[in-house]
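Visitor: Let chain A serve as the given structure and place chain B on it in line with the hints.
If you want the building blocks of each chain, they are given just below.
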Amino acid sequence: MFLRDLLFGGLVLGAILALGANLIPRRHGNPPTPSDTSVYKEADFRLTVDKVNSAFRGTWSKDNVQPAIQADDLTIARRLALGLMGTIPSLEEIRQLESIPTEKRISWWIDHILQDRRYADYVAERYARAFVGTEDGPFVFFRRRKFVNWLSEQIHQKTPYDRIVREMISTEGLWTDKPATNFITVTVQNDKKNQPDPIRLAGRVTRAFLGVRLDCAQCHDHPFAPWKQSDFEGFSAFFGQTHVGFRGVYDGPGEYTIDDKKKGIQRTVPPKVAFANDLLPDEGSLRERMSTWVTHKNNPFFARATVNRIWALLCGQPLVAPVDNLETEAPIPPALQILADDFANHDFDLARLIRIIASSETFQKQSLSTLDSSGLAEKTWAQFPLTRLRPEQMAGSVLQASSVATINADSHVVTRLIRFGDQNDFIKRYGDSGEDEFDSRGGTIPQRLVMMNGKLVSEKTKEGPFTATTRINWLANEDPRAVETVFLAVLTRRPTAREAAFFEERLKETDQRRGQQIQDLYWDLINSTEFSWNH
Amino acid sequence: MEPLNRRQLIRSTATLAGATWLTPVGQWLARASEGNAPGALMGDSPRAQSVIVLWMSGGPSQLETFDPHEGSRIAGGTTQIATAIKGVSLASGFESLAEEMGSVSLIRSMVSKEGDHERGTYNLKTGFRPDPTVIHPSLGAVACHELPIGHAEIPRHVSILSSQWPARGGYLGDKFDAFLMNDPAGPVPDTKSYMSPEREKRRLSGLDIIEESFASGRAKRVGETLHRETMRGALRMMTSEQLRAFDVSLEPQSVRDSYGDSPFGRGCLAARRLVEAGVRCVEVTLGGWDTHANNHQFCAANVRLLDPAFSGLLKDLRQRKMLDKTLVICMGEFGRTPSINPTGGRDHWPSGFSIAMAGGGIQGGRVLGETDPDGKEEPKNPIKVADLHSTVFECLGIDHKKINQTPIGRTVKFSEGDPVRALLDA
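The listed protein sequences derive, respectively, from chains A and B.
Numbering-wise (the numbering used here), the first sequence opens with residue 1 and increments by one.
Numbering-wise (the numbering used here), the second sequence opens with residue 1 and increments by one.
Bound conformation, chain A alone (with noise of 0.2 Å):
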């Protein structure tokens, strides 16, 4: 019992003496993670920017547009950790960031976060939106968990992008076993023997990895571009020897026949690319051969569209809208072409193009201009825009906000549990947008209520004995300290002197305990515009 007790007691101070590192400044800052900032200097790495910086200067002064100056590197971090984990940075990680010299915290940065285990776990998820939707799909023959968690381990090895997409195509074996196939299996049609539907999966391939609607050439031939109906089909006709049986997905023998409800006929389709028929190599399954296809380093649809989502995921809005859709009358914007060259020439690495995207001056402008009035600045790229946070990221951010230390992937079981457990609910009342990932619609009054009485709220910004509000009434003895720690862990940046002056008179204030005083204003910032918007 006494052992018990002593234990407990040193548990306790040691958790107090960790968090008083991370509230306040250290002296001898030690970065966790290791950064070699070189790539960043390497010649092809810096002229690929400049090319993207050029593109978007071009657009600017033939629209007559005043670009906005560049964002302080808290905002362009707290941009960062939303477009990659889904979270805003830690105090910790705030305090890692701010001991590292100016030049080079913005490199740094973007390599802590991709060497981090939610910049996988949280892109796999935005990604498997894409892939395989966010319906729970057939019983048994689908595991949806099993397929993020491939994919989230696939991003963390830097597994090239053609590679990851070659195998979901092609992959034949069990769902459970080989992740990979869930991206067939999803289509499981229960009413089919159970076999997968060609036209789901043609539609997802083209949609997902080429950013092409080829789908709507399902029921009519494409308004802008030249696919017809009958792409569409010998595209699906691709799917059509693909079976799922008791060992998993298999190719088989077979053609692929469709119902012509015009003719009233059952018809064999043979399988046909649309374009770029030269890619298409003769030897493999079907499946291997569209795989091979549609990443080939000369289709211009696959790099394109990937560029389009990843820069979307970066700043909130897809350069090209909507971001499954390239083929719109709207020529395509020079920066992204380039994007999508430099892509396709390092091998289809990421890293590499999220690197480049995130120090783009585009990328690390700020999110708003006194000069412009007409909102085309925010239009041509030439201000970062406001985009409303997902419903994840809301959780995340909260859960954040009220935690003095990283919650990351290694943090405590417990912590981890809480983090998912609450972010589900709170996610179902707040209401998840689903498959349509970057819409720009305004909030609901639903949201508001649970922002504003919420149980995540009100429990994760109470005082108690582990919450952040505790822990720095105790510890932030002076006011301007305490306000200031607030602001940066809520709203990633420093109080101005008005709002700085304001609120330290509130903590002054008798009528309530300081400690009511601090969760005030955790309220306050949590429920502001800022906090809801990714700005």
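Think of the hints as simulated: they come from the structure by calculation, not from any bench.
Just so you know, even glycine gets a beta-carbon here, dropped at the ideal spot from N, CA and C.
Don't take each hint at face value.
So the derived list for chain B, only partly shown, Cβ under 10 Å to chain A, looks like this [what the hints assert, rightly or not]:
id, residue
1, Pro132
2, Arg199
3, Gly361
4, Gly364
Guide: What follows is chain B alone, placed relative to chain A:
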């Protein structure tokens, strides 16, 4: 809690006149057209004003509910009872609903192509099969979009005891999503502030300071987010008298008893109160219909909850002269197989299942379609899900063929079906 003080406080902070349910400017125009939509209804319209969907989650067996085949092999021993309408039987257990059949019509020949819960739910709630290029709105969302707002300070689309897939706004926007709530025995979630009015006032004044900083240099853009207006709408709802519509404890004991003492019964009672307050669509979910094993036992338990709630709701609406203006639909995502599996269950069956409709312009006492007593033939007079939806919109005076633009510019109708005249014409 002193509502009056709170209301005054909100009025003093919310100065934006007349702002009700504001959401993004981008959808504002669409919203503005709502009031004069074709077929827009005024209070004295003869058409239905509201819809109550009794959602039987899991896929209810038609054989143990609205389409019994007593004595046949497929009945598996299920018996049936006579009803107020001669020649129309319901499965045993619906003794109360049987008396109401003069107001209720049945479709016994619903057919769909979706045998999966999620896809079937989407199909029945929206009238469309799932489509990766667009998310369709649920019928309640369409009703909210097309019918006038009136004086509602509370959400006009509510889902009580929702399953995993509540009714959604789809391409019409998240603001048309159903507001989710649990058993009405408890408070409406997240509408009660957990602090004193004084403290809330302090918080709101602190929030103003932070909002000003963020708006500096981006006032117009921040204005367009409508964040603050949405917040005011939320505060207005928190202090609205109309919240009392959710509180079934305000009903006399005898009324509460008539719906049955269950979460579902209370949900149906709350639905009536909400409709009375101007809510357009309430979805009340009764789960537990996915009877892959012990079908008869589980169905009987569900029917014990459904029978008093459904019949109680119809009686109550009629007594209040609301039945003509309120459409009630009882349905699930599909039916169940005529054959009984080795574990005494019935499996998914989208080709010939039953739904019940009442009020809101639906003729009572009719039965459409017929299933094969041997469970082998296709049902006679099959009715598609889209036709059901067109019928609902017809009842509400909404043009189901109205063309809408989805966010990607695709044009979609509210429903691709045709109204089932046999349910509507006298």
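Visitor: Are the hints correct? Go through all of them and say.
Guide: Structure-based check of all given hints:
1. Annotation: interface hint on Pro132 (chain B) holds; nearest CB of chain A at approximately 6 Å, less than 10 Å.
2. A least Cβ separation of about 7 Å between Arg199 (chain B) and chain A falls short of the 10 Å threshold, and the interface hint therefore holds.
3. Below 10 Å, beta-carbon pairs count as interface contacts, and Gly361 (chain B) has none with chain A, the closest being about 31 Å; its hint is therefore violated.
4. For Gly364 (chain B), the suggested interface contact is broken, since its CB lies about 34 Å from the closest CB of chain A, more than 10 Å.
Of the hints listed earlier, those the structure fails to meet are numbers 3 and 4, in rising order.
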